[in-house]
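Visitor: Chain order of the listed sequences is A and B. Per our numbering, the first sequence runs over residues 553 to 900. Per our numbering, the second sequence runs over residues 3 to 617.
Among the clues, some could well be false.
[Unchecked claim] SDA-like, lysine to any residue: derived pairs with alpha carbons at most 25 Å apart: (1) B:K280 / A:A556; (2) A:K610 / B:D478; (3) B:K280 / A:Q875; (4) A:K554 / B:T537.
[What the hints assert, rightly or not] Residues of chain A clear of chain B, computed beta-carbon distances all greater than 12 Å: (5) I591; (6) I832; (7) T881; (8) G890; (9) E895.
Because the hints were derived from the structure by calculation, they are not lab data. Quick reminder that beta carbons are idealized off the backbone N, C-alpha and C, glycines included.
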Amino acid sequence: MKTAIDEILEKPHEGNLIYTAKDFKPNVDVRWCAGCGAISVLSPSQRLMPELGIPKEKIVYVSGIGCSGRFPYYMDTYGFHSIHGRALGIASGLKIARPDLSVWVVTGDGDNMSIGGNHFIHACRRNVDLNIMMFNNEVYSLTKGQYSPTSHRGQITKSSPLGALDDPFNPVSLALGAGATFVARGHDKDRNQLQQLLKRAHEHKGVSFVEIYTNCRIFNDGAFDLYTNAETRDNHTIFLEHGKPLVFGKTKNKGIILDGYTPKVVNLDQGDHSVSDLLIHNEKDSTLAFILANMTYSEDLPRPMGVLQAIHRTPYEERVVNQIQHEITTKGEGDLQGLLAGESNWLV
Amino acid sequence: MTKILEHLEEATIRFAGDSGDGMQLVGTQFSETAGFAGNEVNTFPDYPSEIRAPEGTLYGVSAFQVHFGTRNIHTSGDFIDVLVAMNASSLKVNLTNLRKGGIIIANTEGFDAHNLALAKYETNPLEDETLNGYEVHSLNITRELKSSLKEVGVSSKLIAKIKNIFALGITYWLFHRSMEPTANWINKKFKGKDDVILANVSALHAGWNYAERDEHFRKQYVIDRSPLPPGRYRNITGNEAIALGLVVAARKANLPLFLGSYPITPATDILHSISGYKKYGVKHLQAEDEIAGICSAIGAAFGGSLAATTTSGPGLSLKTEAMGLAVITELPLIVVDVQRAGPSTGIPTKTEQGDLLMGMFSRHGEAPMPILAASGSGDCFDITLEAARIALKYMTPVLILSDGYIGQASEPWKIPSVNSIPEIKAYFTTDPSNFAPYKRDEQTLRRQWAVPGFEGMEHRIGGLEKEDGSGNVSSDSINHEKMVRLRQEKIERIANDIPDAVVEGEQEGDLLLISWGSTYGAAKTAFERLKEKGTPVSFVHLRYMNPFPKNLASILDRFQRVVIPELNMGQLKLLIQAKYLKPVIGIHKVQGKPFKSVELEEKLDNLLTQKVELV
Numbered sequence: 553m554k555t556a557i558d559e560i561l562e563k564p565h566e567g568n569l570i571y572t573a574k575d576f577k578p579n580v581d582v583r584w585c586a587g588c589g590a591i592s593v594l595s596p597s598q599r600l601m602p603e604l605g606i607p608k609e610k611i612v613y614v615s616g617i618g619c620s621g622r623f624p625y626y627m628d629t630y631g632f633h634s635i636h637g638r639a640l641g642i643a644s645g646l647k648i649a650r651p652d653l654s655v656w657v658v659t660g661d662g663d664n665m666s667i668g669g670n671h672f673i674h675a676c677r678r679n680v681d682l683n684i685m686m687f688n689n690e691v692y693s694l695t696k697g698q699y700s701p702t703s704h705r706g707q708i709t710k711s712s713p714l715g716a717l718d719d720p721f722n723p724v725s726l727a728l729g730a731g732a733t734f735v736a737r738g739h740d741k742d743r744n745q746l747q748q749l750l751k752r753a754h755e756h757k758g759v760s761f762v763e764i765y766t767n768c769r770i771f772n773d774g775a776f777d778l779y780t781n782a783e784t785r786d787n788h789t790i791f792l793e794h795g796k797p798l799v800f801g802k803t804k805n806k807g808i809i810l811d812g813y814t815p816k817v818v819n820l821d822q823g824d825h826s827v828s829d830l831l832i833h834n835e836k837d838s839t840l841a842f843i844l845a846n847m848t849y850s851e852d853l854p855r856p857m858g859v860l861q862a863i864h865r866t867p868y869e870e871r872v873v874n875q876i877q878h879e880i881t882t883k884g885e886g887d888l889q890g891l892l893a894g895e896s897n898w899l900v
Numbered sequence: 003m004t005k006i007l008e009h010l011e012e013a014t015i016r017f018a019g020d021s022g023d024g025m026q027l028v029g030t031q032f033s034e035t036a037g038f039a040g041n042e043v044n045t046f047p048d049y050p051s052e053i054r055a056p057e058g059t060l061y062g063v064s065a066f067q068v069h070f071g072t073r074n075i076h077t078s079g080d081f082i083d084v085l086v087a088m089n090a091s092s093l094k095v096n097l098t099n100l101r102k103g104g105i106i107i108a109n110t111e112g113f114d115a116h117n118l119a120l121a122k123y124e125t126n127p128l129e130d131e132t133l134n135g136y137e138v139h140s141l142n143i144t145r146e147l148k149s150s151l152k153e154v155g156v157s158s159k160l161i162a163k164i165k166n167i168f169a170l171g172i173t174y175w176l177f178h179r180s181m182e183p184t185a186n187w188i189n190k191k192f193k194g195k196d197d198v199i200l201a202n203v204s205a206l207h208a209g210w211n212y213a214e215r216d217e218h219f220r221k222q223y224v225i226d227r228s229p230l231p232p233g234r235y236r237n238i239t240g241n242e243a244i245a246l247g248l249v250v251a252a253r254k255a256n257l258p259l260f261l262g263s264y265p266i267t268p269a270t271d272i273l274h275s276i277s278g279y280k281k282y283g284v285k286h287l288q289a290e291d292e293i294a295g296i297c298s299a300i301g302a303a304f305g306g307s308l309a310a311t312t313t314s315g316p317g318l319s320l321k322t323e324a325m326g327l328a329v330i331t332e333l334p335l336i337v338v339d340v341q342r343a344g345p346s347t348g349i350p351t352k353t354e355q356g357d358l359l360m361g362m363f364s365r366h367g368e369a370p371m372p373i374l375a376a377s378g379s380g381d382c383f384d385i386t387l388e389a390a391r392i393a394l395k396y397m398t399p400v401l402i403l404s405d406g407y408i409g410q411a412s413e414p415w416k417i418p419s420v421n422s423i424p425e426i427k428a429y430f431t432t433d434p435s436n437f438a439p440y441k442r443d444e445q446t447l448r449r450q451w452a453v454p455g456f457e458g459m460e461h462r463i464g465g466l467e468k469e470d471g472s473g474n475v476s477s478d479s480i481n482h483e484k485m486v487r488l489r490q491e492k493i494e495r496i497a498n499d500i501p502d503a504v505v506e507g508e509q510e511g512d513l514l515l516i517s518w519g520s521t522y523g524a525a526k527t528a529f530e531r532l533k534e535k536g537t538p539v540s541f542v543h544l545r546y547m548n549p550f551p552k553n554l555a556s557i558l559d560r561f562q563r564v565v566i567p568e569l570n571m572g573q574l575k576l577l578i579q580a581k582y583l584k585p586v587i588g589i590h591k592v593q594g595k596p597f598k599s600v601e602l603e604e605k606l607d608n609l610l611t612q613k614v615e616l617v
């Protein structure tokens, strides 16, 4: 059934479709603190957009509350800065109503794991085709420094001066457990890698969850240094690549094997193990994804980065359209007068 | 033996039994048949919150009341004329409402020692003096069914399921009704199951024949056709009417419809209906909670749908923050609250009008939004169309207040012709050269609306205060006050675009009765009765709660005293007193039940004769 919206949308795009990153920079000042990790996500996003080959009026950024919530103002696309924790509700409704749009959700560890936690698990389960970027800085920054659901136990913050008593969520495990089809992790110190992950998220049909470590210079500076600084990250992270063995280390001298279901680090330069012994990453294997995700808070294992899982399930909004189409095909387009008349009626 | 035919103007029948006794079903059938017979009808389904409450208990009684007559049927009936009681508990809880001399049809199977104990009867009321002064017909329905259906050959299991239909047959005899509409319904409902159809239709006739044969049934009652405007009619509940209203409004606005909702009594039927309308192109999301329900609707509205969310009190509490977001982003949105008895979980299945002030004031900051209240089941359709018109014309969320009573009660509804319903306009901006998201239409103050996909109008909106015109984020103090005033002024201007309130009766005088929402029926009936008696009282019903009709101030000025009956502690009273500085006499009832017209009639009579002080 064609509506007024369809008629407007059917008009062909008139302007140039060849964009540069500059086309996505609106004429406003970026008001994040100098050195904020969020800024490092902005340029990969602006650089990615021209690669997508879609008119920019078809792109929407939806955010919640927190430092991450400002993101849509800095992208010259359509945008909706909503309320705390609810970006996914708004984005879900938008994408279900308008499957033609590319919908991005920008959220944070407080917004998405705490107040928006329920919407997050249901967005994962439902598999609406949304690209979720979660800026994780392991602290509430916009409210000036309280511990968040991803802060570690013992973390000293303004609301935990004697150390936080909570244990953190592992966001990628939570996403996998809730049924997310695409789960990845990146960080603010490697913009090219991040841009590639965001591109993968865009290409994935269904919900995509990208956890992004973003350093908060003011309230939790250096939280991810071990995993993001050039000097230490090679020994403390492992970048997952589909079909490739799990090798890491500055000199690519270490790898991961499975001992039962438990991942273990082995050295490749001592003669006991070779690359052929190593675990091979398979994005389609959701059991493996859980095992890899669980390496996250281990002190002995490198932290997994990259795409943990990419599997296909029909996106929700597509099922909605299919159900409508099926009804119309089998029963014919609804006759409104007949609907009003109901099943039984009488003449006076 | 000869039976007597007696003509009546109106009657009220109540079917009562356990939740599993099928009382809602026979009540619905009885009301449909009354509609077919050309009567005015108003119903009241009254059931417990428990899905299958323990059998035979006082709190587990499920009932369906039908008030039908030749004219002026505005309520579901003050008192019961005929009570069908399937067990002792259903007799006990309904007896106080039975008219003296009323008819009781009791199934003696529900009056054994166990049932009597559950109903806390020490002796059997069918056998002692409890029911002196009533016309009592006691019968063992299973025994009667077995003997009359001997030749048909119906299993005992099936017999247990058609006892309600037998009782319905008796009531059809009593009111001289045709059995055809129900027989047709049975044939349709159980299509393909010939044994079930045969059993049900036979039970219906067996009930009729039982009454026809039984010498204690001496009188049949005839209720003539109503002088209704000609046309095609159906029965409709308020919830059904809202669902239909949403679909028609979207079609008339030429927009896709999106419903984001979460199940909650007594509003869920709207979600049920909409979820079945796929072939009309409707999209819905049963969200993970009330907040996601409204947020998904806001998202869909941002994308250019006619979007709605439906709920009841506790859900409205949860939605308030998002309603504030819809106010500041100035997006069209329909929020439906089918009010129920509160506070908190309250009594989920019982009605109340306790959410008017929440609708007005629950959002933080200055966050005005229009509020419309439906006066009856059928009016829920019109009010939904009106809500859509206002939402799109003024770019604002609109709250519709219905309640558990009109949401679930049904009445005959003259089926409108889709073609005769006026178009609703959605005001999109398609010219990028002239676009700014908070640039306003001079007359309505409506902001410009461009949705994702419109080329060259990419912009950002959100919950932060906006700069007038450009829509850029702004914390400027002067701009903030300007925007607060603009949003307020926009809602107030809607008063120029809605019908004046209408005074029935004398246009000035001593006493003005004002009703709103579902109190319309009882208030209107009370007003008509008083008028017939020559009592000087005037009547206004309000459907527009915010803003009020423009002429309300001058109406209030023309009366000495104003009285407002409400199913709350005086919420409209507070608004009227605050806005117009006019003292109001409140009549309050918070029992989970609608007003009886006779209650209002008595109170108004007292006010008129004895100059009672303010309540």
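Visitor: Does each hint fit the structure? Answer for all of them.
Guide: Hints, verified against the model:
The straight-line distance between the Cα atoms of K280 of chain B and A556 of chain A is roughly 19 Å, inside the 25 Å bound, and the hint therefore holds. Note on K610 of chain A and D478 of chain B: the hinted pairing is violated, with a Cα-Cα distance of about 31 Å set against a maximum of 25 Å. A threshold of 25 Å between alpha carbons decides the hint, and for K280 of chain B with Q875 of chain A the separation of about 7 Å falls inside it, so the pair holds. Taking the CA atoms of K554 of chain A and T537 of chain B, the gap is about 56 Å. The hint is violated against a cut of 25 Å.
Non-interface status of I591 of chain A relative to chain B is upheld: no Cβ of that chain comes within 12 Å, the nearest being about 18 Å off. For I832 of chain A, the shortest C-beta to C-beta distance to chain B comes to about 37 Å, beyond the 12 Å cut-off, and the non-interface label holds. Look at T881 of chain A: its CB is around 9 Å from the nearest CB on chain B, not clear of 12 Å, so calling it non-interface is violated. Not every Cβ of chain B is farther than 12 Å from the Cβ of G890 of chain A; the closest lies at roughly 10 Å, contradicting the non-interface assignment.
Non-interface status of E895 of chain A relative to chain B is broken: a Cβ of that chain comes within 12 Å, the nearest being about 8 Å off.
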